[in-house]
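Participant: The chain contents come next:
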Amino acid sequence: MTLKDYICDLLVEERSLIEELLKVDNHICQTKLTYDVLYAKIYSVVDSNEVIEHKCNYITDGEPDNVLLALMNAPKIKNLHINRTYVGINKWLTERTKEYFKEQNINVNLILDIEKGYRRYTDDNHDIVIIGPKEFIYGIASMFIEKTIIKIER
Amino acid sequence: MNFDLALHPQTYYEGEWAIDGMSFDDYEKNYLVLNAKKVKGENAYLAFLQKRFYGPLSEILGSKSLVRPFYPKLVLEDDATTHERLLRFSMTTFMSQQLLGLASPREEIIDLIHSIPSDASEDFIKETIRNALRKDRAKFEDVRRKGKASQYFRDVYELYKYFIANGNLGVSFEEFIDGKISSSTKLIVGLRHYPDFFRKEINIQELMDCFDFDTLALIIACSAFDTCKETEKDTNTINNAIYYIKVYLDAVKELRKSNPKYNARIIGYDMDKQRKKVITTDDVEKAYTSLLSRHPEFTFYEFDDRKIHTILKISGVDDERIGSFDYRNKEDLEFLMSLIKKFHEDQELKAAWEIIPRGKRKDDDIHPIDGSVSTPLDEPERARRMLISRAYLENSNYIYKLLGTNKFDGYVGYIYPNGKVVFEKFYENSKTKKVAKSSATYVMNIFNFIALSKLSKTEIINIIQKGTEEVTRHFHYQDMDRWIDEMNRELIGSDYTPDIIKLIDQLVQKDALSKKEVK
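Residue numbers (the numbering used here), protein chains in the order written: chain Y, 34 to 187; chain D, 99 to 617.
None of these hints come from the bench; they were simulated from the model. Don't take each hint at face value.
Said to hold, decoys possible - Simulated crosslink set (SDA-like; lysine to any residue; CA at most 20 angstroms straight-line):
| hint | chain 1 | residue 1 | chain 2 | residue 2 |
| --- | --- | --- | --- | --- |
| 1 | Y | Lys56 | Y | Glu46 |
| 2 | Y | Lys109 | Y | Asn140 |
| 3 | D | Lys499 | D | Ile590 |
| 4 | Y | Lys111 | D | Asp579 |
| 5 | D | Lys405 | D | Lys284 |
| 6 | Y | Lys37 | Y | Asn59 |
| 7 | D | Lys355 | Y | Thr67 |
| 8 | Y | Lys56 | D | Leu589 |
| 9 | D | Lys355 | Y | Ile75 |
| 10 | Y | Lys167 | D | Asp603 |
| 11 | Y | Lys109 | Y | Thr181 |
| 12 | Y | Lys65 | D | Gly565 |
| 13 | Y | Lys131 | Y | Thr35 |
| 14 | D | Lys384 | D | Gln576 |
| 15 | Y | Lys131 | D | Lys499 |
| 16 | Y | Lys149 | D | Lys351 |
| 17 | Y | Lys167 | D | Lys405 |
| 18 | D | Lys564 | Y | Thr67 |
| 19 | D | Lys564 | Y | Glu186 |
| 20 | Y | Lys56 | D | Gln372 |
| 21 | Y | Lys65 | D | Asp579 |
| 22 | Y | Lys180 | D | Gly565 |
| 23 | Y | Lys149 | D | Lys284 |
| 24 | Y | Lys74 | D | Leu353 |
| 25 | D | Lys355 | Y | Lys111 |
| 26 | Y | Lys56 | D | Gly277 |
| 27 | D | Lys499 | D | Lys529 |
| 28 | Y | Lys111 | Y | Leu145 |
| 29 | Y | Lys149 | D | Ser592 |
| 30 | D | Lys149 | D | Ala178 |
| 31 | D | Lys127 | D | Lys529 |
| 32 | D | Lys351 | D | Asn361 |
| 33 | D | Lys564 | Y | Thr35 |
| 34 | D | Lys564 | Y | Glu52 |
| 35 | Y | Lys131 | D | Gln604 |
| 36 | D | Lys284 | D | Leu159 |
Claimed, not checked - Listed next, the stretches of chain D that the computed footprint assigns to chain Y, with coverage defined by at least 3 CB atoms under 8 angstroms from CB atoms of chain Y:
| hint | segment |
| --- | --- |
| 37 | 308-319 |
| 38 | 574-587 |
Built from N, CA and C at the ideal position, the CB exists for glycine as well.
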């Protein structure tokens, strides 16, 4: 079972919890993300063919599908920045991903970064993977011109 | 797509909008003729015209051949009583066409048409045309009486030559003159009946039956755009027909959420190249964006009753007057527009913000909020994004608007009740109409924005990196709905407090107890 299938099954099983988290996230983020749209977004994530073998910091725009795409490489993530967006849903995704890998005896030590700033990446030597729309990628990349950036545009 | 929005605007809109393009008088170039369905091999729109225009008018004038040279112009126009937009054949256009058949030299006829003011009343136009037709009939009668000795003989004979050249070889000069006198009389008599005929509303459903729905919606958008283009050329302003294009493109945007590749297409006519061409929804969208970006003075304002009530109230309008306010009434709307204009001017603090950047910097480093998208976007795309951000911010509930001067010319700051200041650049500066290259919006705190706006882009980015939460950056995305979501969050949303994060942690952990086994 892939991580995506695992998460999709859990989305169905834990629907009431998901809807509870969506209520909180939508209120804070002033969005209208529904359970159905969330499910469709998650379901649409296709596992990347490009496997990043070394440990990196991941910066996403916080959209759950982009966060899941990052989490597919969870064992190789040091910090995962979610732009302080959909914190409820993204925490759920991260926790369930850790459980998925734990079942396979793979340890995941990633830190879910819910801060607004990017301070922890400035003095860190790891490469940075940025996932999101083109504008987001280039905007963030411009802050780390001295670092190696891996761009995953979605 | 709902035609109701175009047919029943909530405010007063003056004038008529042609819905068959600028070439209604040439069926080879007429949008409606070119794109109608074929029913049993027959053009459905031409059949519709035969039934609703040529047929009834032939009866009014008592002659089929008299009606044949006229072309109907289909318009949406304001009803004098209800102020709703009604679909009709344009009476003024029809009456003006009658002048083109007069015996007078072409220049005289054109002068006569131009002498009719655009806001002339129906009665005035009718009277002008009646006089012209009577004068014209008198010329033919004079030629019939005096023959070559008539001073009008030459003009009338020229007209006869043109007439026979158009397939009427068997008609003698005398017969031609008799026919012309008879036609003029019929047209003069017909003038009495036109108001009843032309004021009749055309059933839109009957027109819609001649087209695929998406085709007709795009045809009307193209026609509205042609009208806007003409107005821009003549007066360098925006015609209110743009309202329809906005309604159309809003509907397209909704449609593209479920069908991202939606793009209707019609056959149009390229006036410059003198040939037919395909026009798509995308073409209209690009042209619309480009038109609006050339007019920084024009913005769509959307007002709900509460906001209007507030504006009227703070402008000292009494409750009784507010209660009887009718947005479809011309006077009421003009009064309201003057208040809205003043309301916006009062919110502008142009003189209050004059910031001189510190130290010596290179010119390209002076502006603190230039965008940082490496791949430069083309101007139409930048304009599209800019227009969305401008419409959003202009319609938001800001308290004051700050206009940058000197080195900050072109920058606009919006101050909000929650203490945030949104910092945006729409145009390169206040004089040119060149869309700014910046591709990001900066949100600052009222207490530190003056200090922050003195910094260079690099310094601002350093602050964002540190995450001191004094400034955030929001990119103009290809999907600007994302930008709007982010702005909503900044301006009306809240933040994850430690208590909320604790609650989320508890929820997520609690359910983790019954976790799923990985197969």
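Participant: Give a verdict on every hint.
Facilitator: The hints, checked one at a time:
1. Y/Lys56 <-> Y/Glu46: holds, 18 angstroms
2. Y/Lys109 <-> Y/Asn140: holds, 10 angstroms
3. D/Lys499 <-> D/Ile590: holds, 18 angstroms
4. Y/Lys111 <-> D/Asp579: violated, 31 angstroms
5. D/Lys405 <-> D/Lys284: Roughly 55 angstroms separates the two Cα atoms, so the pair is violated.
6. Y/Lys37 <-> Y/Asn59: violated, 23 angstroms
7. D/Lys355 <-> Y/Thr67: Holds, at about 15 angstroms.
8. Y/Lys56 <-> D/Leu589: Roughly 19 angstroms separates the two Cα atoms, so the pair holds.
9. D/Lys355 <-> Y/Ile75: holds, 17 angstroms
10. Y/Lys167 <-> D/Asp603: violated, 32 angstroms
11. Y/Lys109 <-> Y/Thr181: Holds: Y/Lys109 and Y/Thr181 sit about 16 angstroms apart, inside 20 angstroms.
12. Y/Lys65 <-> D/Gly565: Answer violated: Y/Lys65 to D/Gly565 is near 27 angstroms, above 20 angstroms.
13. Y/Lys131 <-> Y/Thr35: With Cα atoms ~13 angstroms apart, Y/Lys131 and Y/Thr35 stay inside 20 angstroms; holds.
14. D/Lys384 <-> D/Gln576: Judged against 20 angstroms, a Cα distance of about 14 angstroms means the pair holds.
15. Y/Lys131 <-> D/Lys499: violated, 48 angstroms
16. Y/Lys149 <-> D/Lys351: violated, 31 angstroms
17. Y/Lys167 <-> D/Lys405: It is violated: about 37 angstroms lies between the C-alpha atoms, which goes past 20 angstroms.
18. D/Lys564 <-> Y/Thr67: violated, 33 angstroms
19. D/Lys564 <-> Y/Glu186: violated, 25 angstroms
20. Y/Lys56 <-> D/Gln372: violated, 58 angstroms
21. Y/Lys65 <-> D/Asp579: holds, 12 angstroms
22. Y/Lys180 <-> D/Gly565: This hinted pair holds, its Cα atoms lying about 19 angstroms apart.
23. Y/Lys149 <-> D/Lys284: violated, 80 angstroms
24. Y/Lys74 <-> D/Leu353: holds, 19 angstroms
25. D/Lys355 <-> Y/Lys111: Given that 20 angstroms is the threshold and the Cα spacing comes to 35 angstroms, the pair is violated.
26. Y/Lys56 <-> D/Gly277: Answer violated: Y/Lys56 to D/Gly277 is near 80 angstroms, above 20 angstroms.
27. D/Lys499 <-> D/Lys529: holds, 18 angstroms
28. Y/Lys111 <-> Y/Leu145: holds, 9 angstroms
29. Y/Lys149 <-> D/Ser592: With a Cα-Cα distance of about 14 angstroms, the restraint between Y/Lys149 and D/Ser592 holds, given a limit of 20 angstroms.
30. D/Lys149 <-> D/Ala178: violated, 26 angstroms
31. D/Lys127 <-> D/Lys529: Roughly 38 angstroms separates the two Cα atoms, so the pair is violated.
32. D/Lys351 <-> D/Asn361: holds, 11 angstroms
33. D/Lys564 <-> Y/Thr35: Since the Cα atoms of D/Lys564 and Y/Thr35 sit roughly 37 angstroms apart, the hinted pair is violated (cutoff 20 angstroms).
34. D/Lys564 <-> Y/Glu52: The hint is violated at about 33 angstroms.
35. Y/Lys131 <-> D/Gln604: holds, 16 angstroms
36. D/Lys284 <-> D/Leu159: holds, 6 angstroms
37. 308-319: violated (count 0)
38. 574-587: holds (count 8)
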